[in-house]
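Colleague: The chain contents come next:
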Amino acid sequence: MSTAQIAPHERRSPVSAVSGYLAMVLVVVVVALPLYWILAASLKERSDIYSVPVTWVPDPVTFENYDGVRQGVPFLSYLRNSVFITGTLTIVQVVIGVLSAFALSFLRFPGRTLALLFIIAALMVPSQITWISNYALVAELGWRNTFQGIMIPLAGVAFGTFLMRNHFISLPGEIIEAAEMDHAGPFTLLWRVVLPMSWPTVIAFTLITVVNEWNQYLWPLLMADDASTAPLPVGLTQLQDAEGFTNWGPVMAGTVLTMLPILLVFLLLQRHMIKGLTAGAVKG
Amino acid sequence: MSRIEERPGRGKEALLAAALLLPNVLLLLVWTYRPLVDNIRLSFFRWNLGSPRSTFIGWDNYVEFFTSDSSRTVLWNTLIFTGAAVIGSMVIGLALALLLDQKLFGRGGGVRSLVFAPFVLSGAAIGVAFQFIFTPTFGLVPDLLRTIGITPPNFYQSAGWALFMVTITYVWKNLGYTFVIYLAALQARRRDLDEAAEIDSASAWTRFRMVIWPQLRGATFFLLITVMLNSFQVFDVIHTMTRGGPFGNGTTTMVYQIYQETFVNLRAGYGATVATVMFLALLVITLMQVWVMERGREK
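These protein sequences, in sequence, are chains R and F.
Under the numbering used here, the first sequence has 48 at position 48, and the numbering climbs by one with no breaks.
Under the numbering used here, the second sequence has 75 at position 75, and the numbering climbs by one with no breaks.
With the rest of the complex left out, here is chain R (with noise of 0.2 Å):
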């Protein structure tokens, strides 16, 4: 928003002015406090998780939990698994969804309505009544406790396709014509002229599949048994499971090490992911 837009009403009283900065601390304090606490938990020493009342700053602060986390569980393979899961099914996400939403805004053939439909209607189908069927197949398969397992039944994309359509069909039509009178071919129109033209797009849609695929917590838990496969947020119940409810510094390591990556991710591209995240709510 730019100055010129601010609003008589923005012009604003000591009184409210000062109210308003109090509920921003609160607000501060109540997100933020959970963060810390599972931060500072992190790093402090084994009696000082216990303390009651509780101690706010770690004295001393230690490293220990974090090595417990490795000691514990193999989190390193938690961690490889989970990047290459996300990674892999992201690429193939973003892959599919393109090319499906090109076939379906700039080619014509017989059935496009149709084939649009069968896509868009698979949103509307809930996870939870793919999950004993799915997991009754793939164990038919021979596919748990592998990768395929885990990310073949993830991979089809019915909102990214919804999202990337919604941005092509907006695109100004003129241009795309006069594409076509040059004769481009699709792979030269997709390539040359659409693409260059939806790079936010894209970008906000492979936000949103990483930050989904990252945080997948039920298909693999019922997939992977073991940490050949399971990815972080599995990985991190497993830990809390041999560590039992006694010792919580390593568990909570776990947890600062399974929301770091995304939170960083998130701090660097946030603009995009709200984009994305927010595609379609506000016109609508």
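FYI, nobody ran anything at the bench for these hints, they're computed from the structure.
All clues given are correct.
Here are a few chain F residues that face chain R, going by a calculated C-beta distance under 8 Å:
1. L20
2. W31
3. L36
4. A129
5. D143
Quick reminder that beta carbons are idealized off the backbone N, C-alpha and C, glycines included.
Fit chain F to the supplied structure of chain R, relying on the hints for placement.
Modeller: Frame of chain R; chain F shown alone:
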């Protein structure tokens, strides 16, 4: 359209389209639509997941679902959790959006990103973290309550408090989403109407009710549906915090019940029944959304 008809190579174009769409269509067919149909079939069977044998039992699972006491608890939990999550995150999200839409120093980047951040974090990790934070003896929340002179309840040994705890946790995680949508809607509103209200020296409440709120109708409706669908389907926070307990089903919602019956109690047929009922409920909500939106468009 006539120009397109004349274009050469239409057959080739159809072939290309088929090739581009095939992976997506096949994946959705095999892993979304097939299990949807198969799940409905399974809901009429008694079946231990993993055993090749299943027995057709007609409507028995449905009769059990709609008559048993435990389903009453589960439906009630689902209703309370979803209702409280929707109202809580929307009201607080709107309040935050109104606050940070004001011209306050420091409202920009920092605070907004902070409020939004929990939404992108893993629900499972947040569940584990808040389990720690709510621990009766050394947990942060009980400690803060004691500091201000309140005897904290044991959040893990009362069904009501446990449900309250998972709801608060979910609202905390989801707040950033409702906040960001409302903020975007506020910033897209017509500022000249604010000025008109200002000139008429309307009070802040009147200005909100008569000028701002009507302009947020689209965002409110969108959030009502999406937050309802999302909170209806929560699994990770409940699984990591309470495993559906205490006392068996203190925090068990329909989604948790599907998991519990199918993969813990190994009653896959009954789990499929709960899933079917849930699907139909969500379908009704979604169709109502489409209906209301279409009606809004005609006006």
